[in-house]
Amino acid sequence: MPTEFTPLMSLAGGALIGLAAVALMATHGRIAGITGVLGAFLPGSGESDWGWRAAFLIGMVAAPAVMMVLTGSMPQIEVPVSTTALVIGGFLVGIGATYGSGCTSGHGVCGISRLSPRSIVATLSFMATGGMTVFLVRHVFGG
Amino acid sequence: MRFVSALVIGLVFGLGIMLSGMANPAKVLNFFDIAGTWDPSLAFVMGGALVVTAIGYRLVFRSAQPMFAPRFLVPTRKDIDVKLVGGSAVFGIGWGLSGFCPGGLVPALGIGDSAPWIAFAAIVAGMMAARVLSSLQARQKLAPGE
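Chains as they are written, first to last, in the working numbering: chain B, 1 to 143; chain Y, 1 to 146.
Please note that the accuracy of each hint is not assured.
Label-pair distances were calculated between CB atoms; the ranges are [to be verified]:
#, chain 1, residue 1, chain 2, residue 2, range
1, B, Gly72, Y, Leu133, 44 to 54 Å
2, Y, Gly47, B, Glu78, 17 to 27 Å
3, Y, Ser114, B, Gly44, 25 to 35 Å
4, B, Val140, Y, Lys78, 16 to 26 Å
5, B, Leu8, Y, Ala54, 12 to 22 Å
It should be emphasised that the hints constitute simulated quantities derived from the structure, not laboratory data.
For each residue, glycine too, the CB sits at the ideal point set by N, CA and C.
Given only the sequences and the hints, what does the whole structure look like? Please build it.
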């Protein structure tokens, strides 16, 4: 299923993501890594500073509703995979991002912009396997 | 103020994710599908985010401390280990299967469809499984005679 190429919208969205990452560092002194924020709520995380994390997550979840108020329509997404792929894929995302200490936001944005060698290696690793997985699913096993 | 600022920053982050297309699995998977229905949009997301963050962090780190916290908490590890590379590789496989990464998924929860919530439950289950596995491994290392 083709999707429309949206360079300006994506650039603007990326800039907002960056702005939020910078603002979180300036105010709370924290990396805007969503795996880390979510992980702090799980038992055994050793974290107890939940207030700002909960507020941050609530703000994120509220974004589509705010867009609906501003534009008059709820933003739509398309999920071109089966429920099985969502469940297996999601499970692997959870395991992998925990073992790898981060995901696209923590490593890909916050880490690379600090030129962290760990984040550069992690991002190369998940981009490579993400690409390979989509290639195998769509072109080898036929999606 | 701590709470309100985090709420507003989360909202800006979420709006950025929604506008950029990162919350839309169809777009994410097409970014990876260079051999098929390629959509290079997400390169612009990364580009925009990285330029703003790289410049912004430099300005922020000129201050002695953040506004509402005693110090900046930034990861300092530099070692590249199997956990980092292997974990990230597994994350990439899951991202390629589902089209959702944690940052893209959380704002999508607010749309109200069931698919993001299914993926969210699976991600939380995966995070819990990783926690249990790590603590088992840590216990094994501490066990006498090992």
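* Asked: What hints, given by number in increasing order, does this structure fail?
  -> Structure breaks hint 4 only.
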